[in-house]
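With chain C fixed as given, assemble chain V onto it according to the hints.
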Amino acid sequence: MIQKQCKVISNKLIAKDYYELVFNWESSFNPKPGQFLTLRPQGLPLLRRPFAFSSFKDNRAAIIYKTVGKATKGFSSLTEKDSISILGPLGSGFDLPKKRPVLIAGGIGLGPMLFTAIDFAERGLSPILVIGARDKSFIPKLELGKGVEVVIATDDGSLGFKGNVTQCLKTEYNNILNNCEILCCGPHIMLKACHELALEYDIECQVSMEEMMACAVGACYGCVVETTHQEKYKRVCKDGPVFNSREIVWI
Amino acid sequence: MDLSVKIRDKIMQNPVGTASGTFGFGEEYGELIDLSQLGSIYTKAVTVLPREGNPLPRLTETPYGMINSIGLANTGVKGFLENKVPFLNTIKNCAVIVNVAGSTEDEYTKVIDMIDSVDSVWGYEINISCPNVKCGGLAFGTDPVQVERLTKEIRKRTNKPVIMKLTPNVTDITTVATACEIGGADAVSCINTVMGMKIDINKKKPAIYQKTGGLSGPAIKPVGVAAVYRVSKKISIPVIGLGGIMNWEDAVEYFLAGASAIQIGTANFIDPNTPIDVLDGIKRYMTNNKLEKISDFHSFIE
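Heads up: the protein sequence lines correspond to chains C and V, in order. Per our numbering: the first sequence = residues 1 to 251. Per our numbering: the second sequence = residues 252 to 553.
Here chain C stands alone, though its shape is the one from the complex (with noise of 0.2 Å):
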């Protein structure tokens, strides 16, 4: 990890209070699909923010963010002129899967599962992509090239299935589900249902968990999920933020 300001390559609206911010990343430390990063505000609030690198690839990384607060707010004023103090990469990765890759993204989730769609595919993995939000203004135009099976679900079914993700992959991926492992990144209750579906079919499932957290290094025990290990609270920031979903108490 380190420390570094970076300079702002683009700042986009994407989908509905969707941003993608691009940024250089010039460091001999390159980010894996599922590890993040975090963004100091500018002025205040005060404590940085945790993103997962949604892209990089020839000095370039960016990440999805959702307009929710004023730090959130403020990082959206953000123009070419700008620097941004960056810290990263963090945490661990997602590991690479043994059977075929169903990543489901959730929300703002959607920016890690991009980043680990377009890697497994150029890997050859064949990753299938299911995408869960509200409605269509919340998905973005997707550009993900060849290798990357795209599904779409919406609660109000303005596009793609209507319902949501884990109904979307029984009533329509149910034969793949019996051979695959999923990776997943978004609310904590679709989180939850994830991992329901996945000790239903006996399957494998990457988990990345999302806290509040302060140093995002390791250091101050802020950011900690309950889990089954002898150790019962382990770190988001430094321990994951990819867990196997057995090994976290759902709540």
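Rather than coming from a laboratory, the hints here were simulated on the basis of the structure. Quick caveat: nothing in here was measured; it's all calculated off a predicted structure. It cannot be assumed that every hint is accurate.
Stretch by stretch, here's where chain V covers chain C in the computed footprint (C-beta under 8 Å, at least three residues) [unchecked claim]:
{"hint": "1", "segment": "191-205"}
{"hint": "2", "segment": "210-218"}
{"hint": "3", "segment": "227-239"}
DSSO-like cross-link-like pairs, simulated, lysine-lysine; straight-line CA separation at most 27 Å [stated by the list, open to error]:
{"hint": "4", "chain 1": "V", "residue 1": "K329", "chain 2": "C", "residue 2": "K70"}
{"hint": "5", "chain 1": "V", "residue 1": "K329", "chain 2": "C", "residue 2": "K238"}
{"hint": "6", "chain 1": "C", "residue 1": "K66", "chain 2": "V", "residue 2": "K329"}
So, partial list: chain V residues that the calculated Cβ filter (under 7 Å) puts toward chain C [to be verified]:
{"hint": "7", "residue": "I262"}
{"hint": "8", "residue": "F274"}
{"hint": "9", "residue": "E282"}
{"hint": "10", "residue": "N319"}
{"hint": "11", "residue": "F520"}
Built from N, CA and C at the ideal position, the CB exists for glycine as well.
Using the frame of chain C, we list chain V on its own:
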């Protein structure tokens, strides 16, 4: 220019340290900054037995600060000796000060008995002020009689510097500081976090599991500066100032208030380079103001 700080019979190379609980055992931040440039590292609290810490959520952000309730999560003194000391042994020049916490006198002294022979342990900071554990910490720190007795017990066991870490959550911090001095402490750290609470008005619930926690960050700086000022006027042992130091200007304020050294806490989370930048800023200020040593700061404010 002489930046050194003497505590008991030992010298810290400069007055800038990193506060307990914000810097782990140095290992994580060692990848980001040169630890050998720091004056001191105050480790995360070590207790006799492992502690899993408090249930989550443990953190929340507040205006100009944050509230934490980690609950002294640590692997216990055996885990410290096995897993943390090997790295601490590799740190050059910088004083490694182990923060010790407990619920009874016995728990504090056991930790010290078990680590006192470790050469790389420069001294101790005794945590009598953690607001986040039920039966210990703060219960000691608010009662001058217990503080004096605990300080005496610890003093008997070690010749290394003993620094008592004080809580601002008392009626009069100077009476507790005086008890530390009488008990034989070599210095005091002022201040630990200020008890705080945040409530989510939509959920109608506290933002952290423990309901109340420790407020840190720039929000508490004036509280820390006042505590350092009052304590340093009252006792003659060195006062180590902390609470909301974000930059060198804040550090200078603490020195002028009477601090002989300072600690950087929450600012490490925001910019891990803060301790190094603060040290550079202190040097520039001393040059520009023709100050030769840290004690020169203490002559300005009556």
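Verification of the hints:
no., hint, result
1, 191-205, "violated (count 0)"
2, 210-218, "holds (count 8)"
3, 227-239, "holds (count 4)"
4, K329(V) - K70(C), "violated (44 Å)"
5, K329(V) - K238(C), "holds (22 Å)"
6, K66(C) - K329(V), "violated (44 Å)"
7, I262, "violated (27 Å)"
8, F274, "holds (6 Å)"
9, E282, "holds (6 Å)"
10, N319, "holds (6 Å)"
11, F520, "holds (5 Å)"
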